[in-house]
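In order, the protein sequences belong to chains A, B, C and D. Letter by letter, the first sequence follows residues 23 to 545 in my numbering. Letter by letter, the second sequence follows residues -11 to 521 in my numbering. Letter by letter, the third sequence follows residues 344 to 1022 in my numbering. Letter by letter, the fourth sequence follows residues 101 to 209 in my numbering.
Certain hints may be false.
[As the list claims (entries may be wrong)] Under 7 Å between C-beta atoms, here's a sample of chain B residues computed to sit facing chain A: (1) A201; (2) L405; (3) R406; (4) D412; (5) F440; (6) I479.
Hints were generated in silico from the structure; no laboratory data involved. Glycine included, every Cβ here is placed at the ideal spot set by N, Cα and C.
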Amino acid sequence: MAIYDSHWILTLLILIPVFGGMACLVLPEARAKHVALVTTTVLFVLSLPLFWTFDQSEAGFQNVVSIPWIDAWGISYSVGIDGISILMVLLTTFIMPLAVAGSFSYITKRERAFYAMLLFLTTGMIGVFVALDLFLFYVFWEIMLIPMYFLIGVWGGERRIYSAVKFFLYTAAGSLLMLVAIVALAYLNHTATGTWSFAYDEFLALEIAGRTQLWLFTGFALAFAIKVPMFPFHTWLPDAHVEAPTAGSVVLAGVLLKMGIYGFLRFALPLLPQAATHPTVLSVMLMLGLIGILYGAWVAAVQPDAKKLVAYTSVAHLGFIVIGVFGLTTQGIEGGILQMVNHGVSTGALFLLIGMLYERRHTREIADFGGIAKVMPVFAFALVVVGLSSIGLPGTNGFVGEFLILVGTFQTHPWIAAIAATGVIFAACYMLPMVQRMLFNSLDRDENRQLLDLNRRERLILVPFLVLIVLMGVWPGPFLNRTRASVDALLVRMQTAGTVGAEVVRQRQEPPPVAFRSNAEGE
Amino acid sequence: MRKASDVRVFDFATHGSQWLALLPEVILSLAAMSILLHDAFSRSKDPAGGEEERRASIDYLLTMYGIAAAFIASLWLSDGSAAPDALIAVDGFRVAADLILLGGAALVVVISRDYLARENIRSPEYHALLLFALVGMLVLVAARDLILLFVGLELMSIAVYVLTGIVRNDPRSSEASLKYFIVGAFASAFLVYGIALLYGATGTTRLAAAAPAIAASVAGGDLLLTAGIGLLIIGFAFKIAAVPFHMWTPDAYEGAPTPVTAFMATGVKAAAFVALLRVLTVDLGGAREIWIGPIQWLAILTMIIPNMIALAQENVKRMLAYSSVAHAGYLLVGVAAASALGRAASLFYLAAYTVMTIGSFAIIYHVAGKGDRGGFVEDYRGLGWKRPWLAMGLLIFLLSLAGFPPTAGFVGKLYLLRAAVAADEIALAVTLVLTSLIAYYYYLRIVWKMYFDSAPADAVEPAKSEPGFRWAIAGSAIALIIGGILPGAVIERAEDAVAVGAAEANASRSVQALDSEIGAVQEEIPSAETQTP
Amino acid sequence: MVSQVFQEGAATNFHPVLPFLILLFPLLGALINGCGAFLWRNDKMVPALIGPGALIAAFIVVLLNFLGMSSAELHGAEISHLWTWIESGDLRIGVDLQFDQLSMLMCLIITGVGSLIHIYSVAYMREDPGFSRYFAYLNLFVFFMLILVLGASLPLMFVGWEGVGLCSYLLIGFWYDNKDFANAGKKAFIVNRIGDAGFLIAMFMLYVAFGTLDFVPIVESAGGQLAYGGLLVTGITLLLFLGCTGKSAQIPLYTWLPDAMAGPTPVSALIHAATMVTAGVYLIARLSVLFALAPVSQGVVAAVGAGTALFAATIAIQQYDIKKVLAYSTISQLGYMFLAVGVGAYTAGVFHLMTHAFFKALLFLGAGAVIHTVHHAWDHGGGDAHHHGDPNDMRNHGGMKAFMPKTWIFMWVATLAIAGVAPFAGFFSKDEIIWNAGGFGYPILWGVALVTAVLTAIYMTRLMVMTFHGKNRTFGHDSTDGAKHIHEVPALMWVPLGVLAVLSFVGGWVNIPEGLSLPIHVDWFHHWLEPVFEPALLVAEEHGIHVAHASPVGGGEALWAGISTLLAVIAVVVTFRTLRARAVPTEAEATPPTGFARLLYDKWYVDELYDRMIVRPSLALWRGCWKIVDTAIIDGIVNGVGQGTKLLGWAGGQIQSGRVTTYLVMFMLGVLLVLGVLG
Amino acid sequence: MSQSLGLAGLGEPGLIAVFVSAILFAIGVIGVMIRRNAIIVFMCIELMLNAANIALVAFSRMHGVEGQIFVFFVMAVAAAEAAVGLAIIIAIFRHYEVVDLDRFRLLKW
């Protein structure tokens, strides 16, 4: 695999979709979907070997490419992956082909533009995850907005324009402040070293005063909190999800929502460790995460619209991830990263399923269904499995993530974790009623009796999701191992940074004071 | 920057060298006069037949050739230099400005062609006046002497007053030019009085030479100087249409023929800004603490108010008018930075701004249709699917105006931000980003009309455009994208240009100037920190 | 000396044979039947063979291991490691199976009783369209149940714990097109999740305390790690117990179990009587040492157990749905088990768990047989509408002994067993519990247990009388065509009943304490489980806790055993006579009871209470969050800002009046501004 | 910092001239503010320009000839401005038949 040693693979991943998108635009309407599918599949196949070639003992970045771009500002095109980003990249390349395939019959107008937008979006997403230069990062971060804006605005539902603009302005508001923070960082770096640069590793070396850190952190945190989305910045999400076309929702939930967390892990925490470990900041973040968990679940439980319901569950899930990350423990963060993938998989699948149903009945009102398990057994099976993974049933991927997050956070913030644990109850409270009211009860509506079960294409789309759900549920090792080195490095950095850090990693140095260990070794 | 050896020095000892130093201006003036002469002698008895068209196209060609020649001339000047206290600046800063102005003018001329034909404006003065205005701008950016500066400014203004009102049979056009003229004259009176006071305070109209005097009077808290600077700023504030001196702008921009609007919005503004940058941040760099206050205020007001008013606009032309006012606010941030970095940023932004503004005005007059009165947001419904290329062009221009990557507009905005942060103008920086958030809304509004709404049945298809127009639009759009993805070359050019300006500013032996500019040479710590005790 | 024990344990020569097969068989069964549910829906043969087959195969493997274990001298546990599940930081959770006497015993019960019930199901569900799906669920359940008991760490046990919950959910709602059934399933799952949250938190606390979640190290080091009666251990145990109350239907989370009767009757027998609901008891037994360290928690467990036992028994007395009666009886019997493990008589608890598995399964299957018959009678006997009432309702039964004598006999065996009449299985286990309750110094609970024993006898006899004795009411009072349509169930159904009946009879003889001063005395059971509970008992010993040799009011074990049996017999006889005399109205003509009976009939209105106190308020709160917080406040602010800016913009635009003079005025204002702010 | 007028080198008459010019400028401004007639407003602007001229001349007493040269430029420019200005006013008069500035309100908001 020469290419995987030559490191250009990441650049390929960024470029291929661009050309694919252009191809979509120029080729005939009917071909667009196939071009898109081929492109994304190629992308996935190309990216897959990264999983094996990735050196999990290495904490730093791999497959790094760095070439000067705008010399005058010390901006370089530098990309690379580490334990935190590799899973995100793979998640993206995994979701995209399925999202494309999921749109084959859903999208009937302006297909060229649609698939082009999806592909441009892909470029943006991969770029965000691999960028090692904050200028580059910001460019990708912003570029993503435009295709998404179009996806929602052109192919969305009735209130699509409101939702699209809301989504756009909401996210842009955050990122603009982040831009100021980035520039400020660059300037601090300039005063420290005398040269302009936006390079991640240069910023890592910066010594920033605590107060300044807090200000900069606010800048970053706002952008990321909106993207996550954390309560109370979440209201753009339900609208965007409900109005977006299936593929849009899938990508939005599957990948875009992860960027907020990724931003925290990649930038906010390591660049501004003192701010991030500042007790107030920590407690605010944890509280917001906690509120997100409960609030998201509660509001989800009373939604009449299935898609909106799932949208709110995302708020809850991301809340878990937030407390996992800001619990600042190995398990918490590794669990958080894993949970990002899990959420991408299970929520993505949920949106696909709801989309499939919408194609048949053109409604998402839960009340309009009922008893369709009789006519759509395969669909029912899939929905139940995916739903269970989404509420973290042991044996599915969802459990591993939630469990690690809670175990981790419990060591530093027992009360937060304990209250968060009640989230599993509310999870049942939103998912099971939906499943029941859609699949079970009596099949009393004629239009439901006519429903056809999933066709071959739809089944094929779902298989990868189901496989991954079980696989990651019973054997998450391969995924967790790849994150380990980077997460530990991050934690060490946080630890050296602040008071909180010290106790954070306690349980990583001194082995738990348990007697049996010794004589267990003795045996 | 260049080595001293191959520098062409203009010492102004010989007359020739002055002519050479003014070569672009001279060329343009000749072109303009030749146009006037040409149609003076080619008056045909019967206006019927191809006569008119032929003359029009000859004027067009003369103009383009003139601009091209001037372009080459200023490139030729680019490795020249003149003494800091010379009458006419010969440095990268001027050359860079020249190139921006000439390029902009060329674009305007190209997009005018369709317009003139469509609105059937036959008056041959159009091109001549455009060239004269251009001469004024070039003089304005070259002037190192307040007298020359004033002359250049007026030359530009008067020509543009007329251009604004050139559609004599349209009351709006006349009204626009009247408003513009009245307020403009009022403003230039302030400018002149300001210059007078400055002259009184420093004893010379050649500020570069007056650095010591300035230093002295700053130290002595000389009211004359202060008032002079104030009036000077007011005069410029009108030209760059800074709030609250902007009131005329929307009306004039709306009333004027759209290409002229584009010209006003870019050329006039750019020239005025370059002059302002030179006068304030270089010549009066030592008096920063005097003028920084007003500039900050103007900047903040100019960023906030027009952006908000633009939200409520239904007429796209007027919306863009307000947005271009807002852009003046962004540029003022570069002025407030008062560093070489700030000047470089402003230059870059001006370049990008010129391209994207002209481009967008061109498209909206195209969509507005004959009479140039339509162009309401609603008229853009479904344009994206009816005229994909036209719409894509507009999309790119709007994204660039909004400052969205990957466009030159984004790089420019980032550049300004950098200058502001480096000058510790955090408040300005934050205002800049927040106001551009407001701006997103009304730019996006057009986008969603174009793509998200479907065209009404009775929608009139915009006419096909002539190739030159299409090339201009495509070129501008591509230029903006490239400027956003690979801005390196342009940035280096800009920094090179101001580096020269800075070096020469050093030559003016003024403590403050020295302090605030040394920094500038290697784009430096906030000048605020480096004030002398 | 704890460690010594384990040193020996390490030296054992027992090695589990093909442990993974125990799990693999049911799993494969589930998968095959699952595919069947989609691919060969109408083929009954495959599931009929695969379903029970998988169980029997598993049972054989278990039996092999059991024999191997009993032949070996095993202390501590044998862990067979399959693969590493979760590894993060220093948290390592393997997919490890723990083989010790306790898990072995449980496996025997699960696979043994399970096999019988599977066989029974083949006949019972024969005509159901979801035949294959049914066996898929049932196999899956057994798979998870085995994980629950074999899992060597809490998280792995939790997998089984929630897994069985899932299957229970699916099987309760098996006939999902009935809204109430589907609701019942949902209710079961959600209520269980409340307990599971407690389980989770307890796990986290254990991890913080021990740095591991494997049973062996925890049990081993608990004594040294945790202060006796300390806050931590008390918290942990109470939270664990919360989990148990959910899974094992104890106060306050018992309400789901009666509803769970919506599932097919064999399911009730397997899941809601024999296996799943005993998981809580198993958990406490498994972590007995922790509870031994937390006297407060022990008290709570015992009290809740006894309370539930009595409470549920009272309700059972006034139910007419035969399955409801058995459901509350199950709750009550589970109460006994918790009473046992609560007071510290772990062996007694597990003992009762086993015997209960036998006779309660038998009772349910018997009830199922009756229901099945009635159902068929109605289907074939056609008849008018009013006959088609609820086949579960005992008022529609009556006089069944004439038609299905085998079932009748078996049911009586089970009834006497549960009533605690010597020498049936229930007698030995229940008596030991009551005795220990007194012996460990809980006089009140001891009393409660005695009273409950009597109540048990009463409601069970009532059930028998209403179902099997008196005149048949299936087709109304005065109707003879019952004879035509009601008949004994097929062999496939009554043979398992027979086996269970035998077990319910002899099952108790594995443990005959010498305290009873009977000619024979067996303590095999005690001896068998000794190593498992050794750490707990050691802890108790260290803190001077031991069984008294007299009941709270004096008298030895033998005496009180005699008394309780006598009470049971009296209760049975009296009830039988009184009810025999009384004429029972059919469901159709019946009127709901009045007075105190009504209170019991309506189950003390607990469900209504929960609905008013918890369900409705939270729903209201959630709606509020959505409509008020989300839509009104947050979105209000967001949109408000947008609209506000727009409005300001419009206002600003108005200044742009078009009058040059205005502009000039503004100009002058600008002049003033500039001159004003000049430095 | 101590404020000074910086008119040190300016003699008595020069000083007077400067103040006259200031007053003249103010009058011009006020005229522009209060009058509605385009012609008169324009005249007031001319007044302001001349005020500037006076100031320049006055200062040239202090600093030499440069100022006086400037005056000529200003005059020339003012003349050009007048020409164009009047032309514009005539053009608009054709449309409205009035020269009242407040009547020209096609373009607003």
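Practice item. With chain A as the partner, please determine if R406 of chain B meets the hint condition of a C-beta pair closer than 7 Å. Key: Result: holds, 6 Å to nearest chain A Cβ.
Point to revise | Closest C-beta approach of I479 of chain B to chain A relative to 7 Å, hint status | key: Hint on I479 of chain B: holds, closest Cβ of chain A at ~4 Å, below 7 Å.
**Study point:** Interface hint outcome for F440 of chain B [beta carbon to chain A under 7 Å]
**Key:** Holds. Min distance 4 Å.
Check your understanding: Holds or violated: is the Cβ of L405 of chain B closer than 7 Å to a Cβ in chain A?
Key -> holds (5 Å)
Exercise for review: Have a go at the D412 of chain B hint: is there a Cβ in chain A nearer than 7 Å to its own Cβ?
Suggested key: Violated. Min distance 9 Å.
Point to revise | Restraint satisfaction for A201 of chain B [CB to CB of chain A, less than 7 Å] | key: violated (34 Å)
When the structure is compared with the earlier hints, violations turn up for hints 1 and 4 and for no others.
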